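Participant: Given the structure of chain Y, go ahead and fit chains P and F onto it with the hints provided.
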Amino acid sequence: MAESLDLTSLIEFAVSQGDPYVALALHPFADEKSRVSLEKIIFERKRLKLTFAAAPYTPQTILALLVDENDEQLKLRLSKNPALSPELLAKLFEGASPAVIKNIAGHRRTPVEVLEEIEWQGNDVLRAALCTNSNTPVNLLKELVVGSSSAEKKGIVANPNADCELLTQLWNEGDKFVQGEVAAHMACPPELREQALQHEDVLVRRKLAANETLTTDCLLLLMKDEDPLVRSAAIGNAVLEDDHLGSADDPSIRVRRTEAKRQDLSTQIVDGLVDDEDHWVRRWVARQPAASDSVLQKLSQDEVMEVRRAVGRNRSCPDYILERLAKDEDSWVRAGVALREDLARHILVGLEKDDDIDVISAVGRNPGTSEDVLLAIAEHDNRDVRRSVIVNPNVPDEALMKLQDDPYPLNRAILSGHPNCLTENLWFLLKDPEPQVRYTAGKALAVRCQATA
Amino acid sequence: MKILVAIKQVANLDDDFEIRDDGKDVDHDFCDYEINEWDDYSLETALQIRENNGDEGEIVVVTVGPDDAEDELRKCLGKGADRAIRVWDDAIEGSDQVAIARILTKVVEKEAPDMVFMGVQAADNAYAQTGVAVAQQLGWPHAAVVNALEYTPGASTATANRELEGGLEEKITVNCPAVMTIQLGINEPRYASLRGIKQAAGKPLDEISHSDLGLSDDEVGEAGSVSRVRKVFVPEKGQAELIEGTPAEQAARLAEILKELSGA
Amino acid sequence: MSDILVIAEHRQGELRPVSLELIAAAKEAGASSVTVALIGANAADLTGAVSVEGVDEIVTVPTASANFQPDEWKAAVEALIAARSPSLVMLPHSVDSWGFAPALGATGNYGFATDVFGIANEGGEWVVTRAMYKEKVHAEIDFPGKSTVVVTVRGGTWKPAEGSSSPAVSSLDASATANSSHVEFIEPPATGDVDITQAEFMLSIGRGIAEEDNVEQFSELADAVGATLGCSRPIADSGWLPKSRQVGQSGKVVAACKLYLALGISGSVQHQAGMKHVDNIIAVNTDPEASIFSIARYGIVGDIFEIADELVTHFE
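Residue numbers (my numbering), protein chains in the order written: chain Y, 1 to 453; chain P, 1 to 264; chain F, 1 to 316.
Treat the hints as calculated values from the structure; they're not laboratory data. Be aware that one or more of the hints could be misleading.
Short, incomplete list of chain Y residues facing chain P, as computed with Cβ under 7 Å [as the list claims (entries may be wrong)]: (1) Lys46; (2) Pro56; (3) Lys154; (4) Glu181.
Owing to the predicted nature of the structure, the values given are computational and were not obtained by experimental measurement. Positions of the beta carbon are idealized from the N, C-alpha and C atoms, including for glycine.
Next comes chain Y alone, as it looks inside the complex (with noise of 0.2 Å):
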């Protein structure tokens, strides 16, 4: 077979070895006439047709073609198929069961249209569905709030269709869990608000508190809350503003260490939690994008392994630090300098002879690692290391041509589903003993012959 890129010898190639797999990726990009001559390879068996019903990665056309079958076992593995398209969930529906109707109901993708024809009065399953579907549009919520259980009410309050007058209805009507949820909704209500701000149950005020739409005064008056999970959901809004953070003296670790992760601190704030003796703290401070060249220096040298990681893994860590840390004496943190794609090729020499697995993981998808280091990781003793070369940028072909019959079949797989992996690489997957690399070759070539064309 040649190795070209010719949608036509691909087909020809699938029908003459009968491959469901390999007809199955190809189907969306054939002509007419070769997809009939595919579908009867693709649906030659009833216990496939079952599978590719169910399947994730069926393409649109075929499920197309199973739903237009009658078949109940068909229909409720398409009911349940997360890629089902919204047109063809609609059609689906026309004269569904009521196991499928149910299965339509909470699908994600299941059009408005359809979820408001659904038929729901007096059938609690149903109902359920519907109030647990972010799709349900807000007037068919109203509807199903009227009467609603405890639960369904907690399936409504999560949709973020809900509006102002549904939100009043579940805070008057619901338990605390709601009345939580209705505070932390973006739509909530000003008035509720202040009866949230000032509500009895510690779980109100912090679900507010975590409310991305209040107000500054609002969340400085949750930031002097005499409750420690209430000051921390508060510190953590992205709302407030640099000025109003600076939780150092804060006696709970909890609010600190919320404060800690939030990714938009000042050099100054930083510079206040770097002694904080919670290691967690420090964490989180050594990836602080403001971290200054001290921090990072001070950071780099605690006595917790974690800490050390994390400066290595910070973007703004210099090289002079970055060189102390490849030479570690943990190989974890050695593993996180090795894992940078900015690193400085005189400290990553150094790493490509390190013998810790995850280093050499680390080393195997690294851009700036050199030919023949990735040549004979490509052919370590652990399966699991051998892979990192697929995903690196400038993998030698030569490692991608060994890896092509790697023995572990997960090698394989990922080989296949990778843009790096070569075209020559495709055509020898196509015969595969795995299923699923088969299909992914067979789908990777056909997208590249497309492009080709």
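Facilitator: Below, chains P and F alone, put in the same frame as chain Y:
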């Protein structure tokens, strides 16, 4: 040296399935098949013993199962087994594990290996029965749930560790030849190389029936069994209990469960 | 006639608690009398431990070995059946039973079924229930033409029998040639917190965590709840957690794990190979069809970040 490894093709049943009209089994259209996970480990045990024996010796894989089961035998041949035997005919349908053991026993008698390895259990129906049943019918020594094994071909005893409940292990010595049921984790099973898979197509795979083994019709199938499936049915609730409520409520319940189950 | 014989199990001189569950199961199955057998060189020492409510008789069968030995145990149960002609014999579905009970079934003399969790007597015939197809189906099993039925019973199905009784105690001889012998017991190594094969409580993260910086949040959560952090393959492949923390076919089997919290893990076949044996799996995933739910005991369909944020507030 000869080692016999008995394997089983196991079924993976879809979530949506139908029960057969006679009510005694599920409709097999709703099943995918694969090799029993335990069998990878027993084959690997045999392959490693041969490697440590200067690559001397024969490894024979056997299964009792219909046409589809040939795929699994080929995979074993691809990993390095020399020969495969598949026993099947219509009369075998409906056999329980005692009847299956009777068939395997005849194969072992015919092959006269130095050692028999089988999985502790099969992933689908988990009988945990066949290996020791074969040993009984052979009158051979046996050890179940072996997770470490020291055996030199030709030796009169082997030393095995049995994996007991709660991580405890028991070291025992067993007279040989013996039947051992092999536990997951005893080794790291290999994958067949692509070259191995190609070579497997040329290796011998015998297909035989119960009468080829000298068994009569009433020694297999329902007649040769000591138990009978009267009917199958779908249990009332599925496995996962869904925790409902708002995220805060779900997490509160989850915290309770974690505290209870972790003994914190 | 529904006399039931219960084979008690013991190890290192202690009765295994599942034995008491079997006594309760025998009572519930409507036994007209319950005989408990104690097999082993020193098993008579356990007479007190099995003298619980519902036990009518205790028979000790002294054997050469103090510990379980399959040939001796099989001969003992055969002698007991010959002496008492019970209609049902119950053994725990345990590692020791796996080592000898199938040999009883393979004699062809008795009805036999394993891993039974339902037992009924219909007009004098025993009908038992067990699972098939990875628990997706239950099956009713009967034993036509067998006057004695031997079953291994799933642990944790019945509440252990309690109270006390004063059963008659007698002894029975059984001889056997042992084809294997006990050398020693090997205790599991002490739990370390980085070796995930030894961890009892694991919190594992998958692709759902989306970014490297998010690892810290779940690492903190694992620390707070007292779990060892593990991950699925994509996380280790990306270099976000060490390969020593990867669970699954190409990683490790969490052999000692009793509680497994899977966050944002879909449950690929490879991952399941490392953890599906765990008794208590709890899964959180946004996709209700994720295959991890099919092996979980508890499930939450939801956002792992929201659940993690909330969960940590309960562990201060």
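Participant: Against each hint, give a clear statement of whether it holds in the structure.
Facilitator: Going through the hints against the structure:
no.	hint	result
1	Lys46	5 Å, holds
2	Pro56	15 Å, violated
3	Lys154	5 Å, holds
4	Glu181	5 Å, holds
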